[in-house]
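Per the UniProt record's numbering, the very first residue in the sequence shown carries number 1; after that it's consecutive.
Please keep in mind that the hints were generated in silico from the structure rather than gathered at the bench.
Predicted model, so just to flag it, every value in this text is computed and none were measured.
Each residue gets a CB set at the ideal place from its N, CA and C atoms; glycine is no exception.
You can trust all of the hints, since none of them are fake.
The following label-pair restraints were derived from C-beta to C-beta distances: (1) Leu228 x Ile453: 41 to 49 Å; (2) His172 x Val110: 18 to 26 Å; (3) Ile453 x Lys417: 26 to 34 Å; (4) Gly324 x Phe135: 34 to 42 Å.
Below, simulated DSS-like cross-link-like pairs (lysine-lysine); rule was C-alpha separation at most 25 Å, straight line: (5) Lys417 x Lys339; (6) Lys261 x Lys417; (7) Lys417 x Lys477; (8) Lys470 x Lys417; (9) Lys261 x Lys339.
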Amino acid sequence: MSAPRPQAEGELAAAPAPAPAPPRHSGELGSTQASQRLLAYSDALLSIIATVMILPVAHTKIHPDQKLGESVQQLLLTKIAVYLMTFLIVTVAWTAHVRLFQVIVLIDDVLALLNLACMMLITFLPYTFSLMASFPGIPFGIFMFSTCAVVIGLIQAVIVAYGFYHPYLLNHQIQVSENQAFYKHRILQIILRGPVLCFLAAIFSFFFFPMSYVLLGLVIFLPHITRLIIWCKNKTIGPKDDEESHRLEAFTFYLNDPLSKERVEAFSDGVYAIVATLLILDICEDNVPDSKEVKDKFHDRLTEALSEYGPNFLAYFASFVTTGLLWFVHHSLFLYITKATRFMGLLNTFSLAFIGGLPLAYQLTSEFADKSPNEIEAIQVSCVITFFASIFQFAIWITALFHERETLHPLARYGGKEHAFMFAKLALYPCVSLGAFFLTCLLSKFSTAIFHIMQIVVPFAFMALRILVKISLAIMKSMLSLSRRKNIVLDEEETCLSPAETLS
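Please model the complete structure; the sequences and the hints are all you need to start from.
So this is what it looks like as structure tokens:
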């Protein structure tokens, strides 16, 4: 389906690689090691925690005789909103963790244990989210979530202090710098701005908890608001020309750079993998018949007992295919992206948040798939989740096209060999899911059939997409050539006419 990864001429690195550490001295560096494995472990754990936030939402109990529309209004909408907020906050924590270990490139036993303490608190966040989602009007849940975020920030600040107290652990550029205090202040500012807002959210939770949600929202958007203010300031009064300021900002610019494409891909792959795994966990938990029931009701005929779970298995395979194909689209997209900007990273985070909602779509379509009065609403919720997960991928592509010389391989740029194919691949899921949503609104009697047709057609459409794109381009080229020939014929006829005939 996709071509081997192209190598762009002059391909831009997403972030400069850290400078090699200076030679080790056995007296101080005997127990240090590189941080790559610690970072891989932390990335995996953070992607898992961000994704399992959906479980309290997906496992919301909705009785078959209860209208799904009312349930969405009373239960799911609040939980979905809180889930999206907490998912994005976890991604902010992941970004701060990446920035921290851009400064600290070597670790020892103390740093490893401090990082484990930080990860332990991060793994507790889904429980605090469950309290927030289940009791949105009670402040204790948001207080616990905010307190955990504050303690995580304090532990990371201790890691910074420990690293600067032992400078041989730091990035070589900082080690040789005379302005280590500036760098220390800068990385602490990046790490602690979120925990400070969470501390204020914890205080406000006891007397005006809506303000707490506003402050938690600022945790997500404050870095982007700050950059927008700096951009507006530079446009109005111009950037600083002070030589000392430029010298001090050199490493700060590296910290403010977009995260490397490889780290974004690794975190994204982790989210997709966990979502696919969560789907089978529900099958193992809910769709294994009881041994006593198989013996008494089905007379030890296991296949007959399993036949009752047929719609659940169909919903599982359909949800897995959707997850897998959305990962395939994401993989194809980043195959041609040479550099991910900050805005592209934000769009990718939004897409991953809705990818994390696919277990909810599975729960709804498996529970209400068989002649339920709520099947239309369940199918529409599933279409909405799929649409937003895919439309943010498409938005990444559109954003990349605005800076295509920096962000895209030449094959995927305007006029490139793969441009039309990538456009069709990224537009397929948004168009199909949006079309299925409106068709279920217009033809409610056939909503289940429409949904299943969509799930069957999309994989085959991906398989035949390149052929369809080639045929469409050939048809468009033939139509354009015909129109050009007609224009040429008309021009030749006008040249053959006399001036009087031309005027007439």
